[in-house]
Amino acid sequence: MSMPFYVAPEQQMKDKADYARKGIARGRSAVVLQYDGGILMVADNMSRTLHKISELYDRIGFAAVGRYPEFENLRLMGVRFADVRGYQYDRRDVSGRQLANIYAQTLGTVFSESLKPWEVEILVAEVGESAADDEIYRINFDGTIVDEQGFVAVGGSSEHVSNQLKDRFAADAPLATALNTATRALAHENGDERELEAGNLEVAVLERAREHRKFRRVHGRRLRTLLEEGRAGTGRAATDEPEADGGDEE
Amino acid sequence: MFEGFEGGRMPAAFMSAGTSSFTEFLGAVSPESLPGHDLPDRNAGEHMTPDATTIVALTFPGGVVLAGDRRATQGNVIANRDMDKLFRTDEFSAVAIAGSAGIGIELARLYQVELEHYEKMEGRALSLEGKANKLAQMVRGNLGMAMQGFVVVPLLIGYDERSEEGRVFSYDAVGGRYEEHRYHSIGSGSVYAKGSLKKLYRDDLSETDAVKAALESLYDAADDDSATGGPDLHRKIFPLVDVITDDGHRRVAVDEVERLATEVVEGRAAHPDGPTAPLS
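Residue numbers (the UniProt record's numbering), protein chains in the order written: chain A, 1 to 250; chain B, 1 to 280.
The hints are simulated quantities; they were obtained by calculation from the structure and are not laboratory data. Since this is a predicted model, take the numbers as computed values, not measurements. A virtual CB, placed ideally from N, CA and C, is assigned to each residue, including glycine. It is possible that some hints are incorrect.
Said to hold, decoys possible - Here are the simulated distance ranges between beta carbons: (1) B:S16 to A:R97: 22 to 28 Å; (2) A:N101 to B:Q74: 41 to 47 Å; (3) B:A28 to A:S47: 55 to 61 Å; (4) B:G75 to A:T109: 29 to 35 Å; (5) B:D246 to A:R231: 41 to 47 Å; (6) B:D246 to A:R224: 33 to 39 Å; (7) B:A12 to A:Y19: 23 to 29 Å; (8) A:R97 to B:G267: 51 to 57 Å; (9) B:G176 to A:G128: 41 to 47 Å; (10) A:E129 to B:Y178: 29 to 35 Å.
What the hints assert, rightly or not - The following residues of chain A were derived to be distant from chain B, with all beta-carbon distances above 12 Å: (11) D18; (12) R26; (13) D36; (14) R91; (15) E211; (16) H212; (17) R213; (18) E229.
Said to hold, decoys possible - Facing chain B, according to a computed beta carbon distance under 8 Å, are these residues of chain A, among others: (19) E55; (20) L76; (21) V79; (22) R80; (23) F81; (24) T109; (25) D142; (26) I145; (27) Q149; (28) V218; (29) H219.
With the sequences and hints as input, model every part of the structure.
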């Protein structure tokens, strides 16, 4: 009969965390940031149908990186929770904080109780009445939850992407400029610069001014136009016109 | 609410691959929240919930109009004079109810979540046919209540993005689904409203004319059916009108309805029976 080896709990947790980190690092990143009309969500995603970014409820969006079946499971759980809550009470009674909390608790439980942790990182964003009321939460594989301000990145090299975002981020930037900031940060992901085209980007916005459901995907021609506008905007900024940054006409 | 959440886990149903239907899911995790749960045994008597009265719908090139009067009655009493019986169910559909108001409102709310839930779970909206069939099943689910006198029938309108036209579906109490062409009306004043629309409907109505025709037909319903409310100029209570086109769902602004309804009322001052159709 074989005796199981004793493994210190510290070591166990560390092994699990390493395992999860490695899994997450294999995938591409996603970013969420404020712009002048709400919240922009961008993911580096080749697939047009297996989404990393989705709608949870009227004002709440979801972005995730890591293993698809695991975060898809969390997404479905969030949609179910939000719809039941909104039906039993009122649509206004569903909040991003609640959803972030149940994700944190679920991931925390999985991390401590299961042999294999889930290799996912989740972002929950809620667009408010004004920019000051916006909420962005980041939930890690072990269930830690962070309330982020303005912008956030998740994924393998999220620190690198975050640093890129920090340099360029402006909460009152127009959509094209914010999209440019996001794509440039994602393009620098692994130190090497890649060109991100409409085909490998998944983009959605939570539009503050929109009625009912604020979530809207941005794809096709609109995405290409925005990407071009964004590039042209920074192109102008690179020359000697300081005001060109906000100069994108609608 | 979810007692099972103890221990940091949602109940298993939330995490399973399961269904994309909200009604089915709610039935599994919280059956007491479904309309018609816990039926009384015997004929519970009428008048426990007021009756919602007349709804009309008509298509025009490029869209469809839905309009409802504002009255709810309980026997001979007016229970509510500014009720809203029209429900935007998603960007391209809307439902109106006639019959037992309490049950109808719950049904419409559930249906609204049902459509949105499916869209979010599956990543794409149901086809208009799919929406119409789903509503039929839900009305059928209310049959037990209907047998006890709580009959509710919805009228579904939607813009079909595939065929690029507005469509109208009516239902009976057992869930029979019927596609209506051109125009339809349900509720206590529907006989008169339909008669009115029959004479006013043309295939080339503009959106504004279609709204006007709906208001004329509701006036005719109110004229002959005591349970249907006409435009109330003094209290500023006017019928509610929804329009769906390829731009999506829009509730017609109160000012606009007021202007058109006032025209209708003034027209009736000169001709109490309203516009007449030429004989040949």
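task: Over 12 Å to the closest beta carbon of chain B is the bar; see if A:R91 clears it.
output: Nearest chain B Cβ is 9 Å from A:R91, so the label is violated.
message: Given a hint of 51 to 57 Å, does the C-beta separation of A:R97 and B:G267 actually sit inside it?
response: 54 Å, holds
message: Using the nearest Cβ pair, does A:E55 come within less than 8 Å of chain B?
response: 6 Å, holds
- prompt: Hint check: is the beta carbon of A:D142 less than 8 Å from a beta carbon of chain B?
  reply: Where the cut-off is 8 Å and the nearest Cβ of chain B is about 12 Å from A:D142, the hint is violated.
query: Does the hinted range 55 to 61 Å hold for B:A28 and A:S47 at CB?
result: Given about 30 Å between the Cβ atoms, the range is violated.
message: Under 8 Å is the threshold here; is the Cβ of A:H219 close enough to any Cβ of chain B for the hint to stand?
response: 13 Å, violated
field: A:E229 and chain B, when compared Cβ to Cβ, separated by more than 12 Å
entry: About 24 Å separates A:E229 from the closest Cβ of chain B, which puts it past 12 Å; holds.
- request: Kindly confirm whether 41 to 47 Å is satisfied by the beta carbon distance between A:N101 and B:Q74.
  value: 44 Å, holds
query: Taking 8 Å as the limit, does the beta-carbon of A:V79 come near enough to a beta-carbon in chain B?
result: It holds, given that the least Cβ distance between A:V79 and chain B is near 5 Å, below 8 Å.
- request: Go through the hint on A:R80 and say holds or violated, using the shortest Cβ distance to chain B against 8 Å.
  value: 5 Å, holds
query: So does B:S16 sit 22 to 28 Å from A:R97, Cβ to Cβ?
result: The hint (22 to 28 Å, Cβ to Cβ) holds, given that B:S16 and A:R97 are roughly 25 Å apart.
task: Please settle this one: A:R213 was flagged as non-interface, so is its CB more than 12 Å from every CB on chain B?
output: Label violated. Min Cβ-Cβ 8 Å, cutoff 12 Å.
Checked against the numbered hints given earlier, the structure breaks hints 3, 4, 5, 6, 10, 14, 15, 16, 17, 25, 26, 27, 28 and 29 and satisfies all the rest.
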